[in-house]
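Enquirer: The whole structure should be built from the sequences, with the hints applied where relevant.
Chains as they are written, first to last, in the working numbering: chain A, 14 to 336; chain B, 14 to 336.
None of the hints are false.
Because identical chains cannot be distinguished in the list, a pair is counted as satisfied if it fits within a single copy or across any two copies.
Calculated lysine-lysine pairs in the DSS-like style (CA-CA distance at most 25 Å, straight line): (1) K150 with K205; (2) K321 with K79; (3) K327 with K79; (4) K79 with K330; (5) K64 with K264; (6) K321 with K264; (7) K264 with K316; (8) K132 with K182; (9) K316 with K327; (10) K330 with K18; (11) K316 with K330; (12) K18 with K327; (13) K75 with K316; (14) K18 with K79; (15) K264 with K75; (16) K283 with K205; (17) K316 with K79; (18) K150 with K132; (19) K153 with K182.
I should point out that these hints are in silico values taken from the structure, not numbers from a laboratory.
Protein chains: 2
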Amino acid sequence: MIQSKITLPDELQRFNPVTVIGAGTIGVSWTALFLAYGLTVRVNDPRPDVKEVVLNGIDQIKPTLKALGLPTEGLTNRLEIEPDLDRALQGAAVIQENGPERLEFKHELFSKIEKVVSKETLLLSSSSGIPSSEIAKGMKNPERLLIGHPFNPPHLVPLVEVVPGEHTKDQAVQDAITFYRALGKEPMVLEKEIPGFVANRLQSALFREAVNLVLEGVVSMEDLDRIVTNSIGLRWAVGGPFLTFHLGGGKGGLPAFLQHLGPNLQNGWKNLGNPNLDEANVQTLSNHAMNSYGNVPIEQLEKSRDQKQLSVLKMLKDQQSSR
Amino acid sequence: MIQSKITLPDELQRFNPVTVIGAGTIGVSWTALFLAYGLTVRVNDPRPDVKEVVLNGIDQIKPTLKALGLPTEGLTNRLEIEPDLDRALQGAAVIQENGPERLEFKHELFSKIEKVVSKETLLLSSSSGIPSSEIAKGMKNPERLLIGHPFNPPHLVPLVEVVPGEHTKDQAVQDAITFYRALGKEPMVLEKEIPGFVANRLQSALFREAVNLVLEGVVSMEDLDRIVTNSIGLRWAVGGPFLTFHLGGGKGGLPAFLQHLGPNLQNGWKNLGNPNLDEANVQTLSNHAMNSYGNVPIEQLEKSRDQKQLSVLKMLKDQQSSR
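Expert: Here's what the structure looks like:
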């Protein structure tokens, strides 16, 4: 479905306007997505070149939004750059915070935020590591504070990990789900706070063994990447690790799979590597990276990756909606 | 490209005929693929119902071959079921072995094999765990023995891990690559033997943390799967873990990424789980599986997964050939 004009959908009316705090990669990506869905967005960041950074960023993201079937005409019409935090927060229905990952910073920021916004304002933090229960300490009204952690870049990758803390009211969780769904995202609510949440922990676990295999000289970096894209990557794009093994267990599903192959798996876990990212190993890995990818400009690798990513994404979305 | 008639391509002439040993899931899948590419295939398995198993298996695989653009008319014309090992081996240009994963079994089998086949026969083992250096012990002519480990199912997933042992001659490695490439596969040669090879080790590393997160009550099994398909799965279908972080490092690529985020990663690795697949946990995971997927028949889940898998695969292949 390709729309030519940007219009605010009904289900997003009560989430308008949005204040985006922090104009880094994540903040700018959220901004572009929010704008494409018709939201009025106020961006706050203390850096002096904030306007340039945001406008350039949106310019680069535009083609991807278009490719996703989103309207981009007059994309920045409802964009406001507001370097003053208090003014940026005035009247906001939603805050999407993307500041530095330091607890003291978040404490100070959210204590300022709650002084200005209404109690109805949804307070979402993109934090990838700090649970909102930590941020909430010292706040007077953390009932509507929770984590809305995207997988980079938020305008392209569907996942948003929604992680409430003990202080978060159910209604705020429901609102976060409604908000992100209306933006075409796939919000997934975690039942428990854990450092790194789910996607990054899983990514990190695989990456540890990937580092081990390259450092052990089993495979080059480029070959390891091709092994992944030609096997588990393909698999996990259409079914997660549990479903994959559930279907690998024959008629008995995952229970049969674990019964038969559990001891093997457990044994294999003992032999996985535990590499150290010390200076020498970082240097070795950096050399490998330059050998594998150094001869192609990053922009070109990125363009080729994003093109494939978009096609896969659109294809899976089409299949989903045709079911 | 859709062909209607099966013809043996020039580059496969010297690999004809092929003997497939073992008519389990992997063996039957190889058989169907080999047949679709015009090879004459002799299947050997001691089970009394081998003919039925192979024919039924090929029947189920046929639609997927078709969807991949392969010809399927008269698919079983060049199929021979030969329960006698010696007769099955006579004149074979290639052996693809898919027997049980027990070292003694492989020892005995390959000592029988080398007595019958010519020294030119390419000896490929689908073993997912036993390196060929182990199998080669006790053989007189292991120069053309090596691992050709597919990712299940071989007729669909592109990856074949090609793992030579110390005894394997270079020419045999080159031949294995030529053979698998001519079959539309993506053979990747490992530089070193390691238990579990690469894809399964990476898969296992991620699965360990997945098991940990479900056992810790952070997320349901189904939600974890959806988190993966909506983030890292999508990413890794189009670029492996190193390329992903190389592009996540900005202009500085992976070296900059590791410089900035290495300490964080290393720290995170310390906190990854180390679950035990004991009886109680296997029971808990089995219950989770039934809660998440028990209400949908396995065949239906499989069909839906395979359909998506095929579309993603075709799309990526089209993009590759159009580059």
